[in-house]
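**Student:** Chain P is already provided as a structure; the job is to place chain V on it using the hints.
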Amino acid sequence: MFEVETAVADAHRREWAYVLAATVRVAGDIDLAEECVQDAYARALARWPLDGVPTNTGAWLTTVARRRAVDLRRRSDTFGRLLPLLADGDADQAHVDGVATPLSDDRLRLIFTCCHPALSDEAQIALTLRLVCGLSTHEVSRALLVSESTMAARITRAKKKIAHAHIPYSVPSSDELPERIDAVLTVVHLLFTSGHTAVTGDQLVRRDLVERALDLARMLRVLLPDHRGVAGLLALILLTDSRRETRVDADGQLSLLSDQERSKWDHAEIAEGVALVREALRSRPPERFALMAAIAAVHAEATTWDTTDWTEIVGLYDALIVTWPSPIVALNRAVAIGFARGPRAGLEAIDELAAEPTLASYRYLSSSRGEFLSQLGRDDEATLAFEEALAFCDNAVERSHLIARMTATAKSPP
Amino acid sequence: MSEYLLLIYGDESEWINPTPELGDKMMKGHAEFGERHGQSIRGGNALQPTSTATTVRESSPGQFVVTDGAFAETKEALAGYYLVEAANLDEALAMAKQIPIFSGGVEVRPIRVFD
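Going down the list, the protein sequences come from chains P and V.
Here the first sequence stands for residues 9 to 422, where the numbers follow the working numbering.
Here the second sequence stands for residues 302 to 416, where the numbers follow the working numbering.
Hints listed in this document are in silico derivations from the structure and should not be mistaken for laboratory results.
Accuracy of the hints is not assured; some may be wrong.
Claimed, not checked - Derived DEER-like restraints, expressed as beta-carbon distance ranges:
# : chain 1 : residue 1 : chain 2 : residue 2 : range
1 : P       : S182      : V       : G330      : 22 to 32 Å
2 : V       : R358      : P       : R215      : 50 to 60 Å
3 : P       : D18       : V       : A373      : 52 to 62 Å
4 : P       : E187      : V       : G330      : 20 to 30 Å
5 : P       : D18       : V       : K376      : 48 to 58 Å
Claimed, not checked - The calculated BS3-like cross-link candidates involving lysine-lysine, where the alpha carbons are at most 25 Å apart (straight line), are:
#  : chain 1 : residue 1 : chain 2 : residue 2
6  : V       : K326      : V       : K398
7  : V       : K398      : V       : K376
8  : P       : K168      : V       : K398
9  : V       : K329      : V       : K398
10 : V       : K376      : V       : K326
11 : P       : K169      : V       : K326
Claimed, not checked - For the chain P half of the interface with chain V, some residues (derived, Cβ under 8 Å), not all of them:
#  : residue
12 : A160
13 : A161
14 : A258
15 : G260
Where is the CB? At the ideal position from N, CA and C, for every residue including glycine.
In isolation and in its complexed conformation, chain P is listed as follows (with noise of 0.2 Å):
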């Protein structure tokens, strides 16, 4: 019995992406599609004990979900009440006899959906993780943060946007894919960089999102697998992932890059990360993504902190701020040029961008000019920069850190 729950949670999150994609195209309707797949699953649980679990659980799936959707599609056609069909990009009616194999790209399909530039951001993860990830409605309101009817509201909008304004179900014309994948990147991206370091809360770190992100990155390597920016979103969340056992030590405090047990990286998910930023890397001029994991790369093939190759790093980011002129690039780019070349200059950088809105109130910003300051023994400044970080930061973790790093500085003697 355990092993069928097994197999049907194992199918729920490997397979819910393509079990839905296939159907939606059935059903020409997102919510019709949502509550045939769901029901396929309820019949799994209900008789793969009986039959035994089936070799290809997303076939069988699909099959029941299909069967379903073209059921209930035919008796709402006897009651006279048709129901709206989806806009289908390629006017493609081969697949609707409920039974054929479903193209490998009806996952694209569903992903470009989700990520349509015509839906708000908001929406755009929420839908994301809602119907390519198959999160329920609570669970997706617990990943992002808001309450439960408020995310069911604002997927409830969204679908009805896609639904109103014929938002297609279809992969984009070739002229407009670049800017598309890049829209899907951005989206799974953030996915992970909330996970990565929780905005708010007890943990440093939301494994849940960070698991998600990097599954959507591997479907995304699998559908896309020439797409160099694809290989450099893969390949930085595994570099950056690959230290996750050491960012919290022993006591749950926060351990910084160069206090970290580097023997404890995952060094399998490094030689995966590494392997892909030297594919992604080939792309001229290389992808934002591409150069981001290739920061991660040097950072993660550095047996040590103080053998870390900083002018690499700051000539990597003098590469990215051109690709991608963000401000939080920018104080990066700040950062990395005082460990290149010493405190004051990163002082002097850091403090280049001080008149950034974006970064009024970012902690990053003040934490690191804290460190700097610290650094050139003006312990009274760092002090004050800590203090202000720490009025930017709701983390739990971080918090502690920067309450500690706040207490040193005031203490050392004059």
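**Tutor:** Showing chain V alone in chain P's frame:
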């Protein structure tokens, strides 16, 4: 196929009295747009400025207040529109990107179908 209204918004001061060159450019641009999408265009017009607009509001049941001016006073006013037919939003957005505009932008609204 679905219908969309492409609403062209912009700063009125720019399009009421454009320079001859800019005016010509816009006329040509719209002529080209019309040729390219003749099959899809169901209708469309340029509008007189909002200074010519009159707004009717029902103040209480059966009681109407007629006021001078546009419904919403904004810097970027409705300048014109196209009613087009498109397979989906992506097609409508692609058309919207080809509409010549002075400044401002184009709002794409699906036409509601009552069944």
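**Student:** If a hint holds in the structure, say so; if it does not, say that too.
**Tutor:** Here is how each hint holds up against the structure:
no.	hint	in the structure
1	S182(P) x G330(V): 22 to 32 Å	26 Å, holds
2	R358(V) x R215(P): 50 to 60 Å	55 Å, holds
3	D18(P) x A373(V): 52 to 62 Å	54 Å, holds
4	E187(P) x G330(V): 20 to 30 Å	24 Å, holds
5	D18(P) x K376(V): 48 to 58 Å	56 Å, holds
6	K326(V) x K398(V)	16 Å, holds
7	K398(V) x K376(V)	21 Å, holds
8	K168(P) x K398(V)	24 Å, holds
9	K329(V) x K398(V)	16 Å, holds
10	K376(V) x K326(V)	23 Å, holds
11	K169(P) x K326(V)	35 Å, violated
12	A160	23 Å, violated
13	A161	20 Å, violated
14	A258	53 Å, violated
15	G260	48 Å, violated
When held up to the earlier numbered hints, the structure conflicts with 11, 12, 13, 14, 15 and fits the remainder.
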